[in-house]
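Protein chains in written order, with my numbering: chain A, 1 to 346; chain B, 347 to 691.
Calculated from the structure, these hints are not laboratory results. All figures in this text were calculated on a predicted structure; none of them were measured in a lab. Any given hint might turn out to be false.
Reference listing, derived: stretches of chain A covered by chain B, where coverage requires no fewer than 3 residues with Cβ under 8 Å from a Cβ of chain B [unchecked claim]:
| id | region |
| --- | --- |
| 1 | 131-141 |
| 2 | 176-183 |
| 3 | 211-218 |
| 4 | 287-300 |
| 5 | 314-324 |
Using 25 Å as the maximum straight-line C-alpha spacing, the simulated SDA-like pairs for lysine to any residue come out as follows [as the list claims (entries may be wrong)]:
| id | chain 1 | residue 1 | chain 2 | residue 2 |
| --- | --- | --- | --- | --- |
| 6 | A | 132 | B | 665 |
| 7 | A | 227 | B | 549 |
| 8 | B | 564 | A | 147 |
| 9 | B | 676 | A | 252 |
| 10 | B | 670 | B | 686 |
| 11 | A | 113 | A | 223 |
| 12 | A | 261 | B | 464 |
| 13 | B | 670 | B | 684 |
| 14 | A | 132 | B | 464 |
| 15 | A | 132 | B | 435 |
| 16 | B | 380 | A | 261 |
| 17 | B | 670 | B | 532 |
Idealized CB from N, CA, C, for every residue including glycine.
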Amino acid sequence: MPATEPTPGPDPALIARIKAAHDGITGQLKQVVVGQEAAVTQILTAMFAGGHCIIQGPPGTAKTLLVSSIGAASGLECKRIQFTPDLMPADISGTEVLEEDRTTGKRITAFVKGPVFTNIVMADEINRTPPKTQAALLEVMQERQVTIGGRTHALPKPFFVLATQINLEQEGTYPLPEAQMDRFMFSVMTGYVNETEEAEIVRRTTSTGHPTLSAVIKGAELIEFAKAIRQVRLPAELGTWIVDLVATSRPTVAGAPDFVKEYIAWGAGLRASQNIALASKSTAAQHGRDTVTADDIRAVTVPVLRHRIGLSFRAEVDKVTVEQVVDRLIAAVPAPGAAQAAKGGR
Amino acid sequence: MATSAASPAATATGAEVVAKIKAGRERILSEVRKVIIGQEQVVDDVITSFFAGGHCLITGVPGLAKTLLIASLGRAMDLNFRRVQFTPDLMPADITGTEVLEEDRTTGKRAMSFRQGPVFTNILLADEINRTPPKTQAALLEAMQEGQVTVAGSTYQLPRPFFVLATQNPIEQEGTYPLPEVQQDRFMFSLIIDYLPREDEVAVINATTGADPEAIAKCIDGADLLAFNEIVRQIPIAEPLLAYAVRLVHGSRPDRPNALPFITENVSWGASVRASHYLVLGAKARAVLAGRPCVGLEDIQTVALPVLRHRIITNFRAESSGIKPDDVVKRLLTDVPLPGSKLAL
Chain A
1 MPATEPTPGP DPALIARIKA AHDGITGQLK QVVVGQEAAV TQILTAMFAG
51 GHCIIQGPPG TAKTLLVSSI GAASGLECKR IQFTPDLMPA DISGTEVLEE
101 DRTTGKRITA FVKGPVFTNI VMADEINRTP PKTQAALLEV MQERQVTIGG
151 RTHALPKPFF VLATQINLEQ EGTYPLPEAQ MDRFMFSVMT GYVNETEEAE
201 IVRRTTSTGH PTLSAVIKGA ELIEFAKAIR QVRLPAELGT WIVDLVATSR
251 PTVAGAPDFV KEYIAWGAGL RASQNIALAS KSTAAQHGRD TVTADDIRAV
301 TVPVLRHRIG LSFRAEVDKV TVEQVVDRLI AAVPAPGAAQ AAKGGR
Chain B
347 MATSAASPAA TATGAEVVAK IKAGRERILS EVRKVIIGQE QVVDDVITSF
397 FAGGHCLITG VPGLAKTLLI ASLGRAMDLN FRRVQFTPDL MPADITGTEV
447 LEEDRTTGKR AMSFRQGPVF TNILLADEIN RTPPKTQAAL LEAMQEGQVT
497 VAGSTYQLPR PFFVLATQNP IEQEGTYPLP EVQQDRFMFS LIIDYLPRED
547 EVAVINATTG ADPEAIAKCI DGADLLAFNE IVRQIPIAEP LLAYAVRLVH
597 GSRPDRPNAL PFITENVSWG ASVRASHYLV LGAKARAVLA GRPCVGLEDI
647 QTVALPVLRH RIITNFRAES SGIKPDDVVK RLLTDVPLPG SKLAL
């Protein structure tokens, strides 16, 4: 067993502030967004940890409202880009233009910032745009800076991308390749709300008076929060569990369970383990705890693995979903505490 | 005998230089180890190719720290680093650069001026090169080969040193354009990067989701590296070893009269002359990096896999019985007569 390092752990005051911020933002959101609790929790978890999300779901499931409300409640500037088949990389990152200096009359090139220069980018229908433009956004996500004409322009901090993808199959879409999907921490699913919730939405949206959201935190606080979240303790046996969970999703690895070989074409990579670890730390902190538990890991495994596992043709035929496969993975690899209990330990 | 050649580099100054290169490698390794966990073989092979002045093709699933590895090496060697994501709609000009119309500030005249593309750097990470159409792949390969870019009749020199590390995603998918054999041949090494062992993966998640990693210090610079490339070429290789390297490469060709039955059965195309060239150059680099002033048999055998695996094309029969190019290379290493053996011609 590798020795557990005596890590200092996060500042308790900061953890308390993270919990307060989470509760406050969730409270504000309830005023405008009806239902979609899982999506809200996941987006906040990613945002606090400094990760990006891809949001999938049918049209009209409050995706844009969700993102703009999160922006308003967390004091962040939010810009929306509608991705179209004719969008060019420069439409996202910015472009150099020739300008005349008014005092000297000389012409110089000046950089006009693109819409990514903000805190939250809502990249709407990202799979409608050709690959080169998608790659421009993904590069910005990764590097958090834009390099044009040999000059580098840093993006504001914090910086989050919340991209939406239409999951209805249709012509003229360019699905993101696996390697690029891998750069999103979470794949968040929004779904249709139930009848009571839908009635409530109709009541609210057809009446007068719209609640205005107030910012619960300052955007800059999120940078501090993300640092504290990295200091949350991850017990050694849970770290190993995360790695085992992810490794079990790989059908090529010797000793893979039968359902994995049957239903999975390709499994999750190392980024999955990293993101489960970081997101479970974020979940722990939002609940006011300084140590990750197995439940925190269970809560984030589906959104981390959903877009990182490729299902086989067989799974399609048997109508098996990624969520079902991930649930079976969690069941197949017992959590460290559970394994001890089974052996009669404790 | 294999190791008895008297060499010009074995002089006092030669030995000092070799020791300096060995120290350089160790410093670079210890810097890179601050951020990269595991993958010893890949790190070693990439450094060897840098010191030999060759390009690498890396095949592996996403998320195995390829970008981080290359960026860290770039920092340790004080080299510029650029990454290009290859996409189906990338054009040659997106790599090499384009000509734009600009006004001269002093004369007010308009002239064409060249905007350098991302290829103008020391280290270029060409991510998922097989996702881009052949014309764009060819633009990169031309730059690799010539060390220069020609746009609208004018030729522009690339910075030196210049290394390309191209990656390929092994997940078979539609809409990819596999690199033709001739173009793969231009890469010195083909490396395979695989999932980490369990303990290493646990160490990675602890390191990457915790506090920020240490900064990487600069160990050598581009001028040093260019000088080292020259020294690698001055390292002597004994005649029997050179003959062995050539024998390995010839052994991979199925159309020779005395080809091994294993080769005629499983290989449709053997390795080219470039394979012999890189086998010797890679072995020389490896010897220098280990602090030895002349090439040993083990140096050739170690670089045989990365040099030969993308140059040997197995046939349908091999595919159906699960024989991969790596298996062919391993078989050659056991079956081809060693230097000094009576079977060697």
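For each hint, the structure was consulted:
no., hint, in the structure
1, 131-141, "holds (count 6)"
2, 176-183, "holds (count 5)"
3, 211-218, "violated (count 0)"
4, 287-300, "violated (count 0)"
5, 314-324, "violated (count 0)"
6, 132/A x 665/B, "35 Å, violated"
7, 227/A x 549/B, "19 Å, holds"
8, 564/B x 147/A, "23 Å, holds"
9, 676/B x 252/A, "22 Å, holds"
10, 670/B x 686/B, "29 Å, violated"
11, 113/A x 223/A, "23 Å, holds"
12, 261/A x 464/B, "41 Å, violated"
13, 670/B x 684/B, "23 Å, holds"
14, 132/A x 464/B, "14 Å, holds"
15, 132/A x 435/B, "6 Å, holds"
16, 380/B x 261/A, "36 Å, violated"
17, 670/B x 532/B, "21 Å, holds"
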